[in-house]
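A.B. asks: The residues making up each chain are set out below.
Protein chains: 2
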Amino acid sequence: MKRVHPPFTQLIKQLPATVPFVPPEALERQTGQPIRLRLGANESDFGVSPLAKEAMRRALKEVSWYGDSENDALRTALAHIHGVRKEEIVIGSGIDDLLELAVRTFVEPGVPVVTSLGSYPTFQFHVTGFGGQLHFVPYCEWKNDLEALVEKAREVDARLLYLANPDNPTGTWHSADDVARLIEALPPRCVLILDEAYIEFAPPSAHLPIQGDHPQVIRMRTFSKAYGMAGARIGYAIACEETISAFDKVRLHFGVNRIAQAGALASLQDPDFVRDVVNAVNEGKKEYEAMAEELGWRAIPSATNFVAIDVGDADRARRIVDDLLKMGIFIRMPGVSPLNRSIRVTVGKEEHRKQLAEALKKVADRIR
Amino acid sequence: MKRVHPPFTQLIKQLPATVPFVPPEALERQTGQPIRLRLGANESDFGVSPLAKEAMRRALKEVSWYGDSENDALRTALAHIHGVRKEEIVIGSGIDDLLELAVRTFVEPGVPVVTSLGSYPTFQFHVTGFGGQLHFVPYCEWKNDLEALVEKAREVDARLLYLANPDNPTGTWHSADDVARLIEALPPRCVLILDEAYIEFAPPSAHLPIQGDHPQVIRMRTFSKAYGMAGARIGYAIACEETISAFDKVRLHFGVNRIAQAGALASLQDPDFVRDVVNAVNEGKKEYEAMAEELGWRAIPSATNFVAIDVGDADRARRIVDDLLKMGIFIRMPGVSPLNRSIRVTVGKEEHRKQLAEALKKVADRIR
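Chains as they are written, first to last, in this note's numbering: chain F, 1 to 368; chain P, 1 to 368.
Wrong hints could be hidden among the right ones.
For chains that are exact copies, the list does not tell them apart, and a pair is met inside one copy or across any two.
[To be verified] Dumping the calculated DSS-like pairs for lysine-lysine here, alpha-carbon to alpha-carbon at most 30 Å: (1) Lys286 x Lys61; (2) Lys86 x Lys326; (3) Lys86 x Lys13; (4) Lys354 x Lys326; (5) Lys354 x Lys61; (6) Lys13 x Lys53; (7) Lys362 x Lys286; (8) Lys86 x Lys349; (9) Lys326 x Lys61; (10) Lys13 x Lys354; (11) Lys326 x Lys286; (12) Lys143 x Lys349; (13) Lys349 x Lys361.
Because the hints were derived from the structure by calculation, they are not lab data.
When you get a sec, could you build the whole thing from the sequences and use the hints?
C.D. replies: Below, the structure written as structure tokens:
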């Protein structure tokens, strides 16, 4: 038989073989060592609302049925909560899916896109995957540099500007007023993707009012963090109807898991649960800050469910991540300088924080 | 505030606002009438394996964790079953997701793609969504015309040829020998997407041996049909390692639901369940054939979990679908001529078949 190379597109041929993140399961396979503590992917250590769990259990009875491709019940509930129209909402299999959709809708080969140097790798993966040209702006003291981002967007005529607020991987945040000013200053052909995966953990001053019909803003939210449903893969975006209609032209209409739909809808009926999670996380963050100080490092103030701890240099950060992994503890660190002089640790439950603190102390003693 | 239209890509601007399928939930919303019998989307009426259900129930405890982005356990099990290497397998959120991935990998604007006129709308949706040029070959007596498909692929220099075997929406099938001949005859730059969503329902003679390293064939399988997990959104593709590696450059790595992963893996340990489903469906198909004959119509022989019934003309088919919907019964019909002179009915459980038969008899009496 003739062996012919499959005729991939030009773009695919040129792409590097990288993945945004190595999963903890792969680390287990690589090291042969089971992970006993998962604090590396900012998965919630506080579970899901009992209402959501019960709804998902019930929904298992209907697992043979495709989910509603219009996600109508969930969009209706979200529209009510956010004071927007359901035509301004799209549901996806998590923010990763929605980022791909947004990139596909706005980015063709050569299109300039602006973000911070060290921002969410999966966003960058999608931009590269559709041939976009990434332009980076350095963080300023662990924070996204809003003025420089807009300046860069103007300079390169960017079609997309990506900002996570609160930020990942630093945990820092900007006030709603600052973000509003950034939106005002956007060049006319530039759309802001405002990734608010961690917004539930942010102070009230960081909550920008939602304007569903703004043509230049796409808000992204998820059930993966405060709602504790990362494994279910469900999130949403709010944008003007014209943008949502464009998404509908290409999105995977039957892509969302039916059980996830049921769980997300039920979650929304349990705001107390989310409030309790946020309180518990806030308590944990204080502990992490004290722990970092005790070890001679500095916790970066965080408005998320994780804390980035500045340990001084990248080699030390790498050593800590590797040593913890050998002890069965999974954390991560940012991939690029200068953020990579930090480790990023998810806020766990009390017993998990204790296990982490003990392990981290051992590692710190060893590397001194 | 200045209202600027968002700067969509050229491709997005040109795309029509269509969706591949209207979900039954949307029909309920449109008609205000609840659907009491879902026999339109070829969802399994026979549920999931008890092992899968139990695995999914247990996996709910870990819903806060992302699924393994490498899907290693499932790929390992599938590699063993199919006698291929796990590097030759990719997992996706159902075949729809994998079709999008394959199209994205092989199709850029203007690239010719060949399929049958009236084949799976979601495949066509993805080809159009990436700017591909669809070339159609008419069905021949309700069957894909394999020789004409290859002929057309050669004529237009197609990069992809899509074939569902067994076929949807007709239910017809070709022998493995016929498909092997088609593969032999593929022009060198053309890749065959062999969609085997319904293969479990096909006779042994239709099961083409799997050759994992064939550079021109992508096999697609799903847990949505015989395994009864449509709502979980999980399926897989088998292709040569080079193609799978290309998929890895752009796929949504953390896109698959963790509970679906657990359910799919457990399903594989229960081949008896699938065998029982297939037997029950075969019994149901015989009933449908007798029912069609009684009503003066003809059931097209089917190797799937549904039956296409030739009712003579498109207006009659439309009338039947609409009238059944008014009675709370959801079925579908093909969208294009000449297939649209048929209705497509999923094989349900015995009591559901009885309900359908009664309703269909009433409708038939009315339209005579």
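A.B. asks: For each hint, tell me whether it holds in the structure or not.
C.D. replies: Tested hints:
Taking identical chains as interchangeable, the C-alpha atoms of Lys286 and Lys61 lie at most 30 Å apart only when they sit on different chains, with a minimum of 28 Å there against 42 Å within one chain. Taking identical chains as interchangeable, the C-alpha atoms of Lys86 and Lys326 lie at most 30 Å apart only when they sit on different chains, with a minimum of 27 Å there against 48 Å within one chain. In this assembly of identical chains, the alpha carbons of Lys86 and Lys13 lie at most 30 Å apart only when taken from different copies (22 Å versus 39 Å within one copy). Only within a single protomer do Lys354 and Lys326 lie at most 30 Å apart by alpha-carbon distance; the minimum there is 18 Å, versus 61 Å between protomers.
For a Cα distance limit of 30 Å, the shortest separation of Lys354 from Lys61 across copies, 22 Å, qualifies, whereas the shortest one inside one copy, 39 Å, does not. With identical chains, the CA atoms of Lys13 and Lys53 are never at most 30 Å apart, being 43 Å at best within one copy and 41 Å at best between copies. For the homomeric pair Lys362 and Lys286, the shortest alpha-carbon distance inside one copy (20 Å) is at most 30 Å, but the shortest distance between copies (70 Å) is not. In this assembly of identical chains, Lys86 and Lys349 lie within 30 Å of each other by CA distance neither inside one copy nor across copies; the values are 36 Å within and 36 Å between.
When the C-alpha separation of Lys326 and Lys61 is checked against a cutoff of 30 Å, the pair qualifies only between copies, where the shortest distance is 26 Å, while the shortest distance within a copy is 41 Å. In the homo-oligomer, the alpha carbons of Lys13 and Lys354 never lie at most 30 Å apart, since the shortest distance is 48 Å inside one protomer and 54 Å across protomers. In this homomeric assembly, Lys326 and Lys286 come within 30 Å of each other (Cα to Cα) only inside a single copy, at 26 Å, whereas the closest approach across copies is 60 Å. In the homo-oligomer, the alpha carbons of Lys143 and Lys349 lie at most 30 Å apart inside one protomer (27 Å), although the nearest pairing across protomers, at 59 Å, exceeds that limit.
Only within a single protomer do Lys349 and Lys361 lie at most 30 Å apart by alpha-carbon distance; the minimum there is 18 Å, versus 61 Å between protomers.
Against the hints set out earlier in the document, violations occur for numbers 6, 8 and 10.
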